[in-house]
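Using the hints, position chain B against chain A.
Which chain is which? The protein sequence lines are A and B, in order.
Basically this note's numbering = 1-based index in the first sequence + 9.
Basically this note's numbering = 1-based index in the second sequence + 9.
Derived from the structure by calculation, the hints contain no laboratory data.
These figures come from a predicted structure and were not determined experimentally.
One should not assume that every hint holds.
[Stated by the list, open to error] Coverage of chain A stretches by chain B, computed from C-beta distances (three or more under 8 angstroms per stretch; other residues unrestricted): (1) 171-177; (2) 182-196; (3) 216-228.
[To be verified] Computed footprint of chain A on chain B; a stretch qualifies when at least three of its residues, placed anywhere within it, have a C-beta under 8 angstroms from a C-beta of chain A: (4) 169-179; (5) 182-192; (6) 218-227.
For each residue, glycine too, the CB sits at the ideal point set by N, CA and C.
Protein chains: 2
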Amino acid sequence: MAGLSARALSGMPEVSAGQDIAELILAALDGEPLRAGQVLAIAHKAVSKAEGAVVALADVDPGPRARELAAEQGKDPRAVQVVLDESEEVLRAERGVLICRTRHGFVCANAGVDASNSGAPDTLVLLPRDPDASARRIRERLRELLPSRRAGDGTAPAVLISDSFGRAWRHGQLDVVIGLAGMQPLDDWRGRSDARGLELQATWLAVADAAAATADLARAKDSREPVVLIEGLERFVTPEDGPGAAALMRPLDEDLFR
Amino acid sequence: MAGLSARALSGMPEVSAGQDIAELILAALDGEPLRAGQVLAIAHKAVSKAEGAVVALADVDPGPRARELAAEQGKDPRAVQVVLDESEEVLRAERGVLICRTRHGFVCANAGVDASNSGAPDTLVLLPRDPDASARRIRERLRELLPSRRAGDGTAPAVLISDSFGRAWRHGQLDVVIGLAGMQPLDDWRGRSDARGLELQATWLAVADAAAATADLARAKDSREPVVLIEGLERFVTPEDGPGAAALMRPLDEDLFR
Chain A
10 MAGLSARALS GMPEVSAGQD IAELILAALD GEPLRAGQVL AIAHKAVSKA
60 EGAVVALADV DPGPRARELA AEQGKDPRAV QVVLDESEEV LRAERGVLIC
110 RTRHGFVCAN AGVDASNSGA PDTLVLLPRD PDASARRIRE RLRELLPSRR
160 AGDGTAPAVL ISDSFGRAWR HGQLDVVIGL AGMQPLDDWR GRSDARGLEL
210 QATWLAVADA AAATADLARA KDSREPVVLI EGLERFVTPE DGPGAAALMR
260 PLDEDLFR
Chain B
10 MAGLSARALS GMPEVSAGQD IAELILAALD GEPLRAGQVL AIAHKAVSKA
60 EGAVVALADV DPGPRARELA AEQGKDPRAV QVVLDESEEV LRAERGVLIC
110 RTRHGFVCAN AGVDASNSGA PDTLVLLPRD PDASARRIRE RLRELLPSRR
160 AGDGTAPAVL ISDSFGRAWR HGQLDVVIGL AGMQPLDDWR GRSDARGLEL
210 QATWLAVADA AAATADLARA KDSREPVVLI EGLERFVTPE DGPGAAALMR
260 PLDEDLFR
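Chain A extracted, bound-state conformation (with noise of 0.2 angstroms):
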């Protein structure tokens, strides 16, 4: 069948600080060979637990701040200091939830902070410190890994890093990127014509987000898969890692919600 597919890489292990992602998942392919048109979709916190981007709750001294948002909201101070920490400015705290501008400049739910699926109790999982490079060192990595580079291939495909966020005027949430490399992040049809010769309007595609949702469709929440493998994205792929997911945040002088 031609067209799209996602699946998600069974037998990928809990991961734990200091793992290699690209071992893990060419041992989950179990000799499956990958192409260099493919979409390698990893869920952040696998990553975010590679890298050891964890905090363990008994380790934060909550500030003053904390403690007042904490109060507000009904939640642990430490939970909320760890929030600020990974955040740049809250845009609004309602009903037990914080929104922020992360530092990497994503606006999302309580910073991307995470207690569910973090391995340990008492323990939250961040987001990547720079997911955009992370996802550059997993290809790079995978490049070395990959037979096609004793052949002196060197492609790889691409890797994407997800999270779930929510959105301003819809319900739920749907994946979407944070860091990217060796894929378009946009499809850029601004000015291009339709198939009758007309201008398209406003036609400025965010496919790695959409890659990115369905990655997220192939795999069952609870099923510890965070990797999905996606073809039929060929066309966004490129040899180059290119912008990465930085170019899908809208500027601060462009919001126009503040």
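Just chain B now, kept in the frame of chain A:
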């Protein structure tokens, strides 16, 4: 290959007013059977055009507010009048784009009114008047036409109608669901436990929006392929039509950004 797959149907004609989308889909499938667990994702313009939700600019007499906004934003006052007619509220007008809350409750650019792919020059395509009802009608019509009806089965694939919406804090557009029949719009894991027995936080997945994004990746924007067949989402497909895309709209009083 297990997992998720999506494929655009080739052979869909340009749709015009009064045509039967279900019949066109079955003709494009050319005898390939449809199954109850599949999802048919349809770009809304095909549905709008079939329903005659199209306005000729020559028939529009812009009022004073449309003339004022059009002058400010450098737009055709007749096109602005059409956008105003489709809107409950204009949230922002900036850089030639009106961010509106539509009569249905969707927040999107220009109330979903679009000139491209409209099938005729100087013609604008609106959103379907009641996209959930459109999805239910198309599903019911498929049920009537499918051979399974004769077998007393009565099952039909889910029908999903999509449009491309911009996002508050991220560049680019992503397809989201505006009409839905026979698929859970949201997958609610709130209060359920993750793989380690910890409570999952804020895990309420907009699976129908993820399916819409997946469908859009399976077609090229200029390819006149409004219909995409998705397989692998059986767990979200329901015999009853369900709450539709209306369930994805965040009510006004929960909008954090007013």
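Open item on the list: Taking beta carbons only, do three or more residues of the segment 182-192 of chain B come closer than 8 angstroms to chain A?
Closed with: holds (count 4)
- [ ] Three residues minimum, CB to CB under 8 angstroms: does the segment 218-227 of chain B make the cut for coverage by chain A? Let me know.
- [x] n = 8 at 8 angstroms, threshold three: holds.
- [ ] Quick one: see if chain B covers the segment 171-177 of chain A, three-plus residues with Cβ-Cβ under 8 angstroms.
- [x] It holds: at least three residues are needed, and the segment 171-177 of chain A offers 4 whose Cβ sits within less than 8 angstroms of chain B.
Open item on the list: Closer than 8 angstroms Cβ to Cβ for three or more residues is the test here. Does the segment 169-179 of chain B pass it with chain A?
Closed with: Satisfied; 6 residues make the cut.
- [ ] Verify the coverage statement for the segment 182-196 of chain A against chain B, using a C-beta to C-beta distance below 8 angstroms and requiring 3 or more qualifying residues.
- [x] Check passed, 7 qualifying residues.
TODO: Between the segment 216-228 of chain A and chain B, see if three or more residues pass the 8 angstroms beta-carbon test, and mark the coverage as holds or violated.
DONE: Our answer is that it holds, as 9 residues pass the Cβ test (under 8 angstroms) against chain B, meeting three.
In summary, this structure violates none of the numbered hints.
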